[in-house]
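Protein chains: 2
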Amino acid sequence: MAEYKAPLRDMQFVMNELLDYPAHYQSLPGCEDATQDVVSAILEESAKFCENVLAPLNRVGDEEGCKWDDGVVTTPTGFKEAYQQYVEAGWPSMTADVNYGGQGLPGSLGSILSEMKGCANWSWGMYPGLSHGAKNTLEEHGNEEQKQTYLTKLIDGSWTGTMCLTEPHCGTDLGMLRTKAEPNADGSYAVSGTKIFISAGEHDMAENIVHIVLARLPDAPAGTKGISLFIVPKMNLNENGEVADRNGVHCGSIEHKMGIHGNATCVMNFDNAKGYLIGEPNKGLMAMFTFMNTARLGTAIQGLAHAEVGYQKSLEYARERLQMRSLSGVKNPEGPADPIIVHPDVRRMLLTQKAFAEGGRMMIYYGAQLVDTMQHSEDEDERKAADDMLSFITPIAKAFLTETGFEAANLGLQCFGGHGFISEWGMEQNVRDCRISMLYEGTTGIQALDLLGRKVLGSGGELLKGYTKMVHKFCQANADVEGLQEFVAPLNEVNKELGELTMHIGGKAMENADEVGAASVDYLMYSGYAMLGYFWALAAKKAQETLAEGTTDEAFYKAKISTARFYFERILPRTNSLAITIKAGLGNLMELDEEHFAF
Amino acid sequence: MAEYKAPLRDMQFVMNELLDYPAHYQSLPGCEDATQDVVSAILEESAKFCENVLAPLNRVGDEEGCKWDDGVVTTPTGFKEAYQQYVEAGWPSMTADVNYGGQGLPGSLGSILSEMKGCANWSWGMYPGLSHGAKNTLEEHGNEEQKQTYLTKLIDGSWTGTMCLTEPHCGTDLGMLRTKAEPNADGSYAVSGTKIFISAGEHDMAENIVHIVLARLPDAPAGTKGISLFIVPKMNLNENGEVADRNGVHCGSIEHKMGIHGNATCVMNFDNAKGYLIGEPNKGLMAMFTFMNTARLGTAIQGLAHAEVGYQKSLEYARERLQMRSLSGVKNPEGPADPIIVHPDVRRMLLTQKAFAEGGRMMIYYGAQLVDTMQHSEDEDERKAADDMLSFITPIAKAFLTETGFEAANLGLQCFGGHGFISEWGMEQNVRDCRISMLYEGTTGIQALDLLGRKVLGSGGELLKGYTKMVHKFCQANADVEGLQEFVAPLNEVNKELGELTMHIGGKAMENADEVGAASVDYLMYSGYAMLGYFWALAAKKAQETLAEGTTDEAFYKAKISTARFYFERILPRTNSLAITIKAGLGNLMELDEEHFAF
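Line by line, the protein sequences give chains A and B. Reminder that position 597 of the first sequence reads as 597 in UniProt numbering, one-by-one numbering, no gaps. Reminder that position 226 of the second sequence reads as 226 in UniProt numbering, one-by-one numbering, no gaps.
Bound conformation, chain A alone (with noise of 0.2 Å):
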């Protein structure tokens, strides 16, 4: 059984067919150099990376699992050597930066890559997915100096980065957070403190780790407003920006946890190391939301990479365990069973994930292509679109794509049946290593409260609205054509009470703003369902278009009406049950005095 495949077919769908990347890529200043072919030559290049290089390490990365040493981290058999590859073969600066050593191509091929990476070992991915945070970070908030010190070393892999924020006391409210930096003479800062859950904070992958911190300057005012960011290398540089002493930052201890085991997960001792200043004092944690945001992008294709893998693993499993006879009748009488794809239930479980995993890919590489649009178009409005946008898809696309991914990843696992739950599979890793997906980078619930209570009523509704806008014009556009009102009805409908749902609970919070609370996962997912809805039914047109004209494809395109009509019929009218409970209200939840939940 193969680890991985890259589904190359589904990506250049998405890509060339459905959001036309090509003309996307064409008509943005700077992205010209992504031609089709270019495009085409770097996917295939990284397939075979992702398929023959980290697919097989990603079970000894489970395996082995990272080792702590005296504050040295060793990574897993065959990691090290993997990033050397990597490196070697310049993927690191594929999207960075020209003039500091990048390729300046689009980013929106990065998030590609990374569903590969991801796919094929998302412990692994996490190495250089890290690095590409603090080099986000760097690019957008760093002066000359820091960016020709430390980004170049980011940008051609030499150095890998970090993200430190949470301590042990605070994670999601970081205004509690307590590290200190106290100036030094020579206009560096000392920092000190304690960090905890610092995916890549300790490795033998690289000669160098770039820290980005969050910490306190002395005096700083209270909570959120008195964060500024650090740069806080491992390894102190000398006047040539080489390697020299170990600075004050070590790695006290790894965490041992349910999954992603081949990435260490650092505790991380600050005792006055020295950092150096990233833009204004005291508004780090603004800096830091550039940086959070394409996380949680980042995260959302996590939820993806497991809803794929998960699929392709338990449809091969499908066409090949023997159990049982259609009830229908005999479909393999020379057998001794049917393949227990035969089987109704067992085809729900691969079409949910299958829908999730396609669907999804289109919710991400749609985002992604609005990355691209904010980072390169030359028209103010335009980005400002793209940004709102963004803005409403991201909470979105992180939490509801970790959901699916998670429900995805164990409906794979249960295809297996009992061998689901032994490790030789597979299965029950995709499942661990997926579970973190609804916790880093802001829980499920701390998205919901972003997507509902900042991003929705937050905009007086509009940032909701440039999304129903698009929706509605699209169903306007086909509200006649033949084939596809079985999506474009109820996608209509969704989209419209997708709305209503908003303004119910908008006024209710007016009362009472705990009412958001109440309302918000529900709500998030509601909207993850209605905007899978709007991907599936665009895919539908799509592929009805390309059967009129003609195909020498015909399955392939038949595959997405079929999967398409699978979401319309299985998967939304999940809706209706969140439409009730989003309108329960706060009663039920608040009554209950917080003494008496048990006795």
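It is worth saying that the hints were derived from the structure and are not from the lab. Everything hinted at is true.
Distance condition first, Cα-Cα at most 27 Å in a straight line; then the derived DSS-like pairs of lysine-lysine: (1) B/K455 x B/K508; (2) B/K583 x A/K583; (3) B/K583 x A/K331.
FRET-style restraints, in silico, Cβ to Cβ: (4) A/P168 x B/H256: 30 to 38 Å; (5) A/A489 x B/P56: 55 to 63 Å; (6) B/D480 x A/F599: 25 to 33 Å; (7) B/G587 x A/E32: 43 to 51 Å; (8) B/A222 x A/F599: 55 to 63 Å; (9) A/D381 x B/E493: 47 to 55 Å; (10) A/K5 x B/P183: 47 to 55 Å; (11) B/H256 x A/A244: 39 to 47 Å; (12) A/K473 x B/H256: 49 to 57 Å; (13) A/Q485 x B/H472: 33 to 41 Å; (14) B/P56 x A/E500: 48 to 56 Å; (15) B/Q485 x A/G461: 30 to 38 Å; (16) A/Q485 x B/E482: 42 to 50 Å.
Positions of the beta carbon are idealized from the N, C-alpha and C atoms, including for glycine.
Following the hints, position chain B against chain A.
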């Protein structure tokens, strides 16, 4: 943080107040010894053992796992000693037949103690749990000599038992099994073959293991009609029934798996092992069914157990963890932040767990009561009615309570944020241990086919009617009771709709039997939500009556009503979506050709 505290108050509410166990026991011949005082004392003793001995070994079991060395399996530190204590206290004999050394207490009491053992340490509890299944099989189908030889030893706990069904190529489809049993000259059989997934198949806790093995006699008919049942002891016995030499059965390896590490999941190789036929030749699968029903109810308890444990720990964490301020104003002005239990979405996660744990308790204790009636009632009609109701309830309890148990376990983890993913809190173990419950003893899909195909449609709707009539009667009797309408009215609706949905599928299934499989899992989940609604309505009624009568324990009963309200407003509406997807039909599942699932 305590690992587990037996919720004695709630257990007693369900037993004594809701289901009137005292009268139930007094009405059944042979159960009169189970007076309320005796039962209370037993519950308290069991709670002590589970809280103080088993719970502290739960994490040890996960971390150490079982060790295999050349056929010898060593259980985790402390497991053997705990089993010794368990045996010395006389627990294994509690509900067993007095003629073979048992104490003859009603079986329901065993189920209730299983809940405590399962909450404290599911992996450990499986060792005596498997013995219990073997005991039941021998009590029901063994001859007098077999009972004297093996049953007495299982009852006094000096030996343990297993059930050996699954083979590498067949789990669900037992008709395909290949293990052979050839007659020996002395009337015994030579059993040869390989069994996998044998829980407690080999260990160091007892001097002998009684394997109950499914195998084929020479020239047995093909398929399920050619399967016989055998006793195959690990150690042969001398003429005094004492352990003598080793029989030809060995543990070839143990599985590496997602959870329940403390329980040894064994590959068992039978190589001309001496076995003894139980019951009639070729009637083994039917005999095993007795066994399977007990096992399935036992697995339903696992769903409840992981919901309860997750709830207890996440409630404690939610009360202590300070993070963010309530959106409706500061609740803990003294502290740096509010405890997270102030946030509506955290309460949603806690109340969901609570509703499933306490609701599952009602459902299981009711099922256990039916088992008592089946076993002890002298009235044949009463026995038949209990048997019918139990047949209907078993697949729902097994699949619905494990699915919702897994949801609850994941919500428990989710309340911890990123800390939930870290092993030391125990929340991720709770999720991993829980995951097997939806797989073994028949997957959710298999339970759903059993419910809809075999039980409901197979009885021409009779088994369903027995249940819906009971609910209908309750709804009618309480149609005008003030304060109960918010529960009775929606319950009445889902109860009616359940009948309508059944008719709908029944009609379609006459055209194509695969329609059953297309609807079955959603149908089972619908039935589960509806049935849990019935129990929550019962609880609300009982609480309201008690409050009206006057009680010193007002808060307890008010909490019951609040939780019922939460259930009806937030959970039961899931039936709205299920009603739609149940009717979605077969088309969207079958139209995609097997080879077009991926390209």
